[in-house]
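Chemist: Residue numbers (numbering that gives the first Met the number 0): 0 to 161.
Among the clues, some could well be false.
[What the hints assert, rightly or not] Computed beta-carbon distance windows for the label pairs: (1) Ala29 <-> Ser111: 19 to 27 Å; (2) Gly117 <-> Glu95: 33 to 41 Å; (3) Glu42 <-> Asp67: 39 to 47 Å; (4) Ala118 <-> Ala90: 22 to 30 Å; (5) Pro52 <-> Ala120: 35 to 43 Å; (6) Ala49 <-> Ala107: 34 to 42 Å; (7) Leu27 <-> Thr99: 36 to 44 Å; (8) Ala114 <-> Ser65: 32 to 40 Å; (9) Gly117 <-> Arg33: 29 to 37 Å; (10) Ala29 <-> Ala124: 32 to 40 Å; (11) Arg93 <-> Asp60: 20 to 28 Å; (12) Ser65 <-> Ala96: 21 to 29 Å.
[To be verified] Cut-off 25 Å, straight-line C-alpha distance, at most; resulting in silico cross-link-like pairs (DMTMM-like, lysine to aspartate or glutamate): (13) Lys89 <-> Glu42; (14) Lys98 <-> Glu28; (15) Lys104 <-> Asp32; (16) Lys104 <-> Glu42; (17) Lys104 <-> Asp73; (18) Lys104 <-> Glu30; (19) Lys98 <-> Glu127; (20) Lys98 <-> Asp32; (21) Lys98 <-> Glu54; (22) Lys104 <-> Glu127; (23) Lys98 <-> Asp60; (24) Lys89 <-> Glu123; (25) Lys98 <-> Glu123; (26) Lys104 <-> Asp67; (27) Lys104 <-> Glu123; (28) Lys98 <-> Asp73; (29) Lys104 <-> Asp60; (30) Lys89 <-> Glu116; (31) Lys89 <-> Asp60; (32) Lys89 <-> Asp67; (33) Lys98 <-> Glu42; (34) Lys98 <-> Glu30; (35) Lys89 <-> Glu28; (36) Lys104 <-> Glu116; (37) Lys89 <-> Glu75.
Because the hints were derived from the structure by calculation, they are not lab data.
Note that beta-carbon positions come from the ideal geometry of N, C-alpha and C, so glycine has one too.
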Amino acid sequence: MKFLPIFLSTIIPLALSLPLDVRQPPQLEAETDRLLFSVSLSEFLAARNARSPPELDWSSDGCTSSPDNPFGFDFEPACLRHDFGYRNYKAQGRFEAGKTAIDRKFRADLYSQCATEGARAVCEATAEVYYRAVVLFGREKAEAIMMANDLDVDTSDVPLSA
């Protein structure tokens with residue numbers, strides 16, 4: 000009992016010094032979902048630029064091996080959010096269940112980018128090519144990784160982004 004006051008005098012300041020926004024995994028998942036599915040692309044980009052919350056994976060390779068701005072259409076923001084979805088869902092252990100929804104959001108973001116373009120039909124056709132490539136090649140990567148996981152092969156260096 001003599002140590003209780005010492006223990007409390009040590010642990011209480013430590014607990015009080017923790018940031019108020021310490022997030023637990025379910026809160027991070029909810030925030031990932033909100034940023035991915037519930038906010039506008041411009042709101043997502045503001046959060047990305049602020050790296051908020053910092054516990055999430057904000058890394059991206061843009062539109063991977065495809066141009067970020069094909070024919071002058073700015074697809075990079077949609078690619079950034081798509082990468083965010085893939086990387087965080089993978090880190091949160093829910094990639095397989097969420098891949099289709101993430102890909103569909105990517106398509107919606109691409110089409111949203113096309114809404115203000117003068118050559119909207121060309122933009123949407125290009126957006127559809129990007130979307131279908133992600134679905135096709137993303138599925139192949141995901142299947143290869145799942146098979147490798149079944150074989151206990153290290154796939155940590157295989158990017159899962161569009």
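Chemist: Taking the hints in turn, state whether each one holds.
Modeler: Going through the hints against the structure:
{"no.": "1", "hint": "Ala29 <-> Ser111: 19 to 27 Å", "in the structure": "holds (23 Å)"}
{"no.": "2", "hint": "Gly117 <-> Glu95: 33 to 41 Å", "in the structure": "holds (39 Å)"}
{"no.": "3", "hint": "Glu42 <-> Asp67: 39 to 47 Å", "in the structure": "violated (20 Å)"}
{"no.": "4", "hint": "Ala118 <-> Ala90: 22 to 30 Å", "in the structure": "violated (37 Å)"}
{"no.": "5", "hint": "Pro52 <-> Ala120: 35 to 43 Å", "in the structure": "holds (39 Å)"}
{"no.": "6", "hint": "Ala49 <-> Ala107: 34 to 42 Å", "in the structure": "violated (23 Å)"}
{"no.": "7", "hint": "Leu27 <-> Thr99: 36 to 44 Å", "in the structure": "violated (21 Å)"}
{"no.": "8", "hint": "Ala114 <-> Ser65: 32 to 40 Å", "in the structure": "violated (20 Å)"}
{"no.": "9", "hint": "Gly117 <-> Arg33: 29 to 37 Å", "in the structure": "holds (33 Å)"}
{"no.": "10", "hint": "Ala29 <-> Ala124: 32 to 40 Å", "in the structure": "holds (36 Å)"}
{"no.": "11", "hint": "Arg93 <-> Asp60: 20 to 28 Å", "in the structure": "holds (21 Å)"}
{"no.": "12", "hint": "Ser65 <-> Ala96: 21 to 29 Å", "in the structure": "holds (26 Å)"}
{"no.": "13", "hint": "Lys89 <-> Glu42", "in the structure": "holds (22 Å)"}
{"no.": "14", "hint": "Lys98 <-> Glu28", "in the structure": "holds (14 Å)"}
{"no.": "15", "hint": "Lys104 <-> Asp32", "in the structure": "holds (11 Å)"}
{"no.": "16", "hint": "Lys104 <-> Glu42", "in the structure": "holds (15 Å)"}
{"no.": "17", "hint": "Lys104 <-> Asp73", "in the structure": "holds (16 Å)"}
{"no.": "18", "hint": "Lys104 <-> Glu30", "in the structure": "holds (16 Å)"}
{"no.": "19", "hint": "Lys98 <-> Glu127", "in the structure": "holds (17 Å)"}
{"no.": "20", "hint": "Lys98 <-> Asp32", "in the structure": "holds (12 Å)"}
{"no.": "21", "hint": "Lys98 <-> Glu54", "in the structure": "holds (21 Å)"}
{"no.": "22", "hint": "Lys104 <-> Glu127", "in the structure": "holds (12 Å)"}
{"no.": "23", "hint": "Lys98 <-> Asp60", "in the structure": "holds (18 Å)"}
{"no.": "24", "hint": "Lys89 <-> Glu123", "in the structure": "violated (28 Å)"}
{"no.": "25", "hint": "Lys98 <-> Glu123", "in the structure": "holds (22 Å)"}
{"no.": "26", "hint": "Lys104 <-> Asp67", "in the structure": "holds (17 Å)"}
{"no.": "27", "hint": "Lys104 <-> Glu123", "in the structure": "holds (15 Å)"}
{"no.": "28", "hint": "Lys98 <-> Asp73", "in the structure": "holds (23 Å)"}
{"no.": "29", "hint": "Lys104 <-> Asp60", "in the structure": "holds (18 Å)"}
{"no.": "30", "hint": "Lys89 <-> Glu116", "in the structure": "violated (33 Å)"}
{"no.": "31", "hint": "Lys89 <-> Asp60", "in the structure": "holds (16 Å)"}
{"no.": "32", "hint": "Lys89 <-> Asp67", "in the structure": "holds (23 Å)"}
{"no.": "33", "hint": "Lys98 <-> Glu42", "in the structure": "holds (22 Å)"}
{"no.": "34", "hint": "Lys98 <-> Glu30", "in the structure": "holds (17 Å)"}
{"no.": "35", "hint": "Lys89 <-> Glu28", "in the structure": "holds (11 Å)"}
{"no.": "36", "hint": "Lys104 <-> Glu116", "in the structure": "holds (19 Å)"}
{"no.": "37", "hint": "Lys89 <-> Glu75", "in the structure": "holds (21 Å)"}
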